[in-house]
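What follows is each chain in one-letter form.
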Amino acid sequence: MYLNLAHFGVLLALLAAVAPLPVRSINAGVRIAFALLGISGLTCAYAGGRVMLSGTSLDVVLPIGLPWLHSHQHLDPLGGFFLLLVGSVTAIVSLYGPNYLISNGADSASSHTLAVFTGLFIAGMYLVILAADAFSFMVAWELMSVASYFLVAHDHSQHENTRAAFIYLLMAQAGGLFILLGFGVLAGFGDNFTFSAMQSASLSPHWEHIAFGLAFIGFGMKAGIVPLHVWLPQAHPVAPSHISALMSGVMLKVAVYGFIRFCYDLVGTLHWQWGVIVLLAGCTSALLGVLYALMQHDLKRLLAYHSVENIGIIYMGLGLSFLFASNNLPALAALGLIAALYHCMNHALFKSLLFLGAGALIQQSGRHDLNHMGGLLRLMPITGICFLVGCISISALPPFNGFVSEWLTFQTALQGTVLESGVIKSMVAVAAAALALTGALAAACFVKVFGIAFLGQPRTEDMLSAREVSAGMKGSQVLLALSCLLLGIFPAPIINSMQAIPAALLGSGLKSIKTDTWLWLTPVSAHASSYAAPMVLFGICVAWLAAYGILHPRRRKIPVRFSPAWDCGFGPLEARTQYTASSFSQPIRRIFRPVWPIHENVTPATETAKGGRYSIHIGDWAWDKLYLPLGHLIQRSARIAARLQGGNIRTYLAYSFFTLIVMLWIVT
Amino acid sequence: MDIAVFTLAEQLILTLAALMLFTSFLLLAQTRLLTLIHIFALQGGLLCATTLLIAFTYGRHHLLISAALTLGLKVFFIPIQLQKLVTHLDIKREVEVVGNPTFIMLGGAALVLFSYYAVLPIRELSMLATRNTIAVSLAIILLGMLLIISRRKAVVQVVGFMCMENGLMFAAISATHGMPMVVEMGVALDVLVAAILFGIFFFQIRTEFGSLDVDKLNRLKEVD
Amino acid sequence: MSAWILAIVQTVLLLLLAPLLSGWVKWVKCKMQCRRGPAPWQPYRDLAKLMRKEVVLAEHASPLFRATPYLVFSVTALACSVVPAFTLGLPTAAMADVIVLVGFFALGRFFLSLAGMDIGTAFGGMGASREVTISSLAEPAMLLAIFTLSMTFASTNLNTMVHFTLTEPFQIHPSFIFSGLSLLLVATAECGRIPIDNPATHLELTMVHEAMILEYSGRHLALLEWASMLKMLIFGVLITNLFIPWGVAQTSGFIPCSVGALSMMAKLMGIGALLAVSESVLAKMRLFRAPEFLSLAFILSLLGMLSHVVLEVH
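Residue numbers (numbering that gives the first Met the number 0), protein chains in the order written: chain Y, 0 to 667; chain U, 0 to 223; chain B, 0 to 313.
These aren't lab readings, by the way, just hints derived from the structure by calculation.
Some clues are possibly wrong.
[To be verified] Some residues of chain B that are not near chain U, with every Cβ distance over 12 angstroms (derived): (1) Leu5; (2) Gln32; (3) His201; (4) Cys256; (5) Ser257; (6) Ala260; (7) Leu281; (8) Ala282.
[Stated by the list, open to error] Derived DEER-like restraints, expressed as beta-carbon distance ranges: (9) B:Ser279 x Y:Thr283: 52 to 60 angstroms; (10) U:Ala109 x B:Met50: 48 to 56 angstroms; (11) Y:Ile209 x U:Glu123: 29 to 37 angstroms; (12) Y:His598 x B:Ser279: 54 to 62 angstroms; (13) Y:Ile615 x U:Arg122: 51 to 59 angstroms; (14) B:Ser279 x U:Arg205: 38 to 46 angstroms; (15) Y:Leu632 x B:Arg65: 31 to 39 angstroms; (16) Y:Pro558 x B:Ser279: 39 to 47 angstroms; (17) U:Leu7 x B:Ser279: 29 to 37 angstroms; (18) Y:Thr283 x U:Val186: 17 to 25 angstroms; (19) B:Arg65 x Y:Gln198: 57 to 65 angstroms.
Source: prediction; values computed, not measured.
Virtual Cβ for every residue (Gly too), placed ideally from N, Cα, C.
Please put together the full structure from these sequences, using the hints given.
Structure follows, in structure tokens:
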């Protein structure tokens with residue numbers, strides 16, 4: 000029944016793609032499309048959630064597809080979790096979308112293209128999760144990639160946008176090719192392309208390593224692992240904000256889903272070498288992602304680099320899970336997997352919240368550079384508070400949700416002491432320290448973002464015309480902020496409901512979670528570590544009320560007086576004396592200097608040109624060291640191969656002549 | 000966890016091993032010559048303390064002579080000579096480090112891990128409770144070599160060489176409870192002679208080239 | 000029920016003791032520098048004075064600016080109930096482990112940095128920027144030290160960790176020595192003491208923590224000052240009870256708890272005197288030498304972890 004419900008959701012998404020086309024009024028068309036998308040999101044979320052709770056799997060074979068390979072569809076707890084994730088974020092974003100597009104002033108052609116491709120994009124994501132054979136998976140994957148290409152290239156009047164979209168499409172196709180090859184390896188050892196055949200196939204370890212390598216690169220390119228991440232910071236700033244929220248919050252998780260399905264389910268046996276590779280890749284992505292994010296001052300580019308960081312954290316959880324699974328410790332492997340999945344859900348929620356808030360900011364202020372913003376909290380209070388919740392969650396601070404998944408990842412890493420190899424133990428310890436550094440740097444970055452965008456004085460006059468956004472946009476942000484708080488306060492019941500996933504994939508759930516408690520989260524044992532989030536929240540509230548009550552006695556309240564800020568006696572302060580985004584992160588730039596390619600330009604003031612100029616540009620080493628040389632290599636070899644085309648007709652005839660002679664010689 | 004199987008004396012030996020490793024790291028990070036020499040003297044002192052502890056715990060009284068030798072040479076004589084050399088050559092200024100200090104320290108940590116991995120099979124051969132220290136001794140030797148290749152001042156390279164010798168001594172004492180006396184005397188004499196020769200050579204190099212920066216010796220190559 | 004009352008008693012006791020520790024450190028420093036300084040209970044008078052004074056706010060302060068002192072104080076007060084100070088029998092200690100404790104301080108620091116940026120002056124931004132840089136560099140050292148300790152204790156629950164050393168026979172762990180040194184260095188950085196930050200400076204360009212709270216006055220400033228004294232107390236209690244726990248009560252009887260309280264105060268006096276000595280001997284480092292200091296802390300905790308893996312596992 001739930002599988003049919005999920006298919007109904009897919010059909011609704013496809014309907015949302017075509018529904019606005021015959022409608023005459025643009026606004027009505029947009030609203031109808033998003034309403035359909037919202038309902039499809041809710042249906043799929045419901046179906047996925049129920050399947051995840053029940054712990055059973057559902058299969059069906061649809062009569063569409065290739066003649067010898069009909070489309071197999073499968074919904075099990077893992078798929079149910081990701082369907083819940085995709086569906087709920089879609090539903091919330093569809094609350095935001097109509098008002099955002101309408102206030103941006105959509106014209107008919109662009110809004111029709113957006114509607115068509117948004118529907119196709121979301122339908123593609125649902126179908127990837129539901130697919131149970133390689134053909135349906137790849138078709139759905141390509142649908143998702145190509146539809147999102149058109150969404151990224153939506154504002155194609157600017158040249159940089161088309162270039163960014165082209166790079167995105169190129170890397171999506173390259174990644175898809177690797178995934179296809181990975182499926183090919185598995186199918187070669189099984190009977191056919193269905194997932195059940197691949198599960199029962201037995202590969203030699205050599206081929207398992209090859210399949211893993213292909214899947215790691217393919218899914219990693221879509222998920223955004225360093226150095227395969229370069230498309231992320233180019234594509235996200237260019238797309239409309241609700242699309243960036245969907246891409247960053249949801250599409251990257253679909254790639255993680257593909258990777259988990261491939262390794263845990265289809266290949267089956269997990270090797271410790273994979274664990275080391277995934278852990279190191281996750282560590283590097285997390286650290287480099289956050290360091291690059293710190294240096295950005297374009298708000299959406301900064302958020303895109305943070306997605307790289309969070310995918311790194313998810314991969315760290317997965318790597319630890321691989322290490323434990325290969326050492327025959329299924330309960331700890333389950334802990335790692337749960338930590339990674341919880342972080343997937345958390346990231347989907349708070350990253351979407353941040354992108355939606357960024358969209359509201361950019362739309363209201365007309366600027367997308369942090370250095371031009373400031374003082375927006377009093378003009379946009381609800382957006383500001385929700386954005387603050389998103390900032391606290393992504394910085395992994397209690398009692399919100401980001402803290403829970405990072406805490407679980409730390410607990411998994413701390414259990415690494417039961418591993419036998421001392422070298423791997425030390426590596427896990429250093430990885431945990433790198434995770435701590437990442438978390439602290441992420442908090443630094445979001446102090447910068449919130450402090451510069453919302454607090455302080457407005458840095459340009461455009462800020463003064465910003466107003467609070469409309470109800471739909473506000474409501475979606477408030478819903479996401481509330482869900483961040485809920486997932487932070489009640490982690491134990493939620494992890495309880497996820498127990499079926501590791502039980503199915505690894506053969507064991509988390510034995511230590513007591514099934515009747517909502518208060519204590521004890522991932523390993525109460526003796527080892529415990530966290531009671533509701534008590535923490537209660538404690539903070541009690542202490543706050545006590546402090547407030549004691550300091551504000553009814554009989555004699557000490558008054559508050561307002562006066563100008565402290566200016567050291569130099570006179571009235573300007574908005575220009577405030578810290579900018581680049582100056583806030585300057586100490587970190589100086590300390591970690593080798594990490595970025597930095598191009599600084601200083602033109603000192605002269606008598607004729609008063610006021611010096613300072614410009615700084617931070618590139619990306621992956622681009623300079625890996626992709627540009629690769630591009631040049633491809634161009635050089637293409638030029639060499641182009642010598643074949645001499646233009647001389649006698650040369651072409653000579654080619655046919657020699658081919659004929661060779662064929663005759665082979666035949667005889 | 001498992002440290003409870005060791006007696007208090009053995010735990011102290013392990014602590015002294017860890018402190019010796021720490022002094023090797025301090026040598027890697029230190030830029031001032033005089034402080035380098037003092038840390039080297041401290042390392043010699045720790046080695047002497049380890050020797051004394053093993054001598055009293057296991058009753059190997061010939062190690063007392065070894066301890067006295069270490070104290071005399073490594074803690075007093077050689078550092079004082081080096082200090083006089085440094086003062087006489089007037090090179091108390093800062094030492095330049097090749098490469099990023101953070102990377103060198105992380106490289107040092109990786110070397111410790113590598114030496115742990117390398118001696119895992121050898122560990123099984125020793126019956127003694129202090130066999131864990133073999134990895135530390137190898138690490139001290141490798142860190143001494145890292146000190147030599149990462150610095151440009153010749154005096155620092157001498158200290159690095161002495162540090163390697165400290166590591167060897169430590170391995171001999173903690174893993175096998177001492178070497179035959181003849182070998183020990185020989186090694187001590189070698190080190191002494193090396194220190195004297197280094198001193199003489201430094202004067203000559205300084206007179207010829209005007210500097211003790213070993214990268215300036217590149218001028219000696221045949222082909223231009 | 001009595002255990003919860005004991006938890007409240009511990010929180011209130013630590014709240015009341017924090018200014019005394021701060022005053023004691025200053026008194027010892029003055030004695031060492033042959034100055035005639037204030038009495039050790041001067042901070043109580045300072046806090047009481049601030050509570051009575053008028054609050055002066057900058058004209059464009061946002062609600063976040065006014066809420067931050069309460070939030071920072073509540074989070075630090077909650078952290079007081081979590082650390083095992085004089086007894087192990089508290090139920091509140093199970094609500095957060097050592098990593099959650101670090102998270103509490105991070106939450107306080109986040110909001111304090113935001114409050115620094117709120118007014119829109121250069122000083123606040125400077126304080127916030129420096130504070131987040133220094134704390135980012137201190138986190139990996141702290142976590143690696145905790146990791147090393149938990150390798151031996153097999154737990155991050157504070158009660159379990161202290162209980163382990165109390166019940167096991169006396170052992171010398173090389174990894175503990177290094178982790179302890181590293182935690183001392185990290186605590187110096189986190190609490191904003193010399194050589195990272197001078198808490199008694201008046202020059203704005205040398206401030207880190209003070210720059211963020213420059214615009215606060217009256218009861219808000221009192222809450223923030225009290226919170227930073229509490230932070231120093233909590234770090235002191237944590238470090239002494241992790242490494243030298245003898246004296247901490249294991250039950251909730253009156254006599255063991257009193258003995259525990261007295262031993263805690265004695266240990267805090269010792270560590271306060273150590274802090275005063277180091278503040279008199281060292282000078283404040285300029286900002287870009289703080290990374291060297293913190294990488295020393297990181298190398299120490301790395302060495303601690305390596306010496307555990309190499310030396311302590313049989």
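Hints versus structure:
No Cβ of chain U approaches the Cβ of B:Leu5 within 12 angstroms, the least distance being about 31 angstroms, so the stated non-interface status holds. Every CB of chain U is more than 12 angstroms from the CB of B:Gln32 (nearest about 26 angstroms), matching its label as outside the interface. Annotated as non-interface, B:His201 keeps its C-beta farther than 12 angstroms from every C-beta of chain U; the closest such distance is 33 angstroms. With a closest Cβ-Cβ approach of about 29 angstroms to chain U, B:Cys256 is found to remain outside the 12 angstroms limit, as its non-interface label requires.
The Cβ of B:Ser257 lies farther than 12 angstroms from every Cβ of chain U, with a closest approach of about 32 angstroms, so its non-interface assignment holds. Here B:Ala260 stays apart from chain U, with its beta-carbon at least about 30 angstroms from theirs, past the 12 angstroms limit. Non-interface call for B:Leu281 relative to chain U: holds, since the shortest CB-CB distance, roughly 16 angstroms, exceeds 12 angstroms. A cut-off of 12 angstroms between C-beta atoms confirms that B:Ala282 is not in contact with chain U; the least separation is 17 angstroms.
A hinted range of 52 to 60 angstroms is violated for the C-beta pair B:Ser279 and Y:Thr283, which are about 43 angstroms apart. For U:Ala109 and B:Met50, the Cβ-Cβ distance of about 54 angstroms falls inside the hinted range of 48 to 56 angstroms, so the restraint holds. A beta carbon spacing of about 35 angstroms between Y:Ile209 and U:Glu123 agrees with the range 29 to 37 angstroms that was offered as a hint. At roughly 45 angstroms, the beta carbons of Y:His598 and B:Ser279 sit outside the given window of 54 to 62 angstroms.
Distance hint for Y:Ile615 and U:Arg122: a CB-CB separation of about 53 angstroms, consistent with the stated range 51 to 59 angstroms. Hint check: B:Ser279 to U:Arg205, Cβ distance near 41 angstroms, so the stated range 38 to 46 angstroms holds. The hinted range of 31 to 39 angstroms is not satisfied by Y:Leu632 and B:Arg65, whose Cβ atoms lie roughly 59 angstroms apart. In this structure the supplied range 39 to 47 angstroms holds for Y:Pro558 paired with B:Ser279, their Cβ-Cβ distance being about 42 angstroms.
Against the hinted window of 29 to 37 angstroms, the Cβ-Cβ separation of U:Leu7 and B:Ser279 comes to about 35 angstroms, which satisfies the hint. The hint said 17 to 25 angstroms for the Cβ distance between Y:Thr283 and U:Val186, and at roughly 45 angstroms that hint is violated. About 59 angstroms separates the C-beta atoms of B:Arg65 and Y:Gln198, a value consistent with the hinted range of 57 to 65 angstroms.
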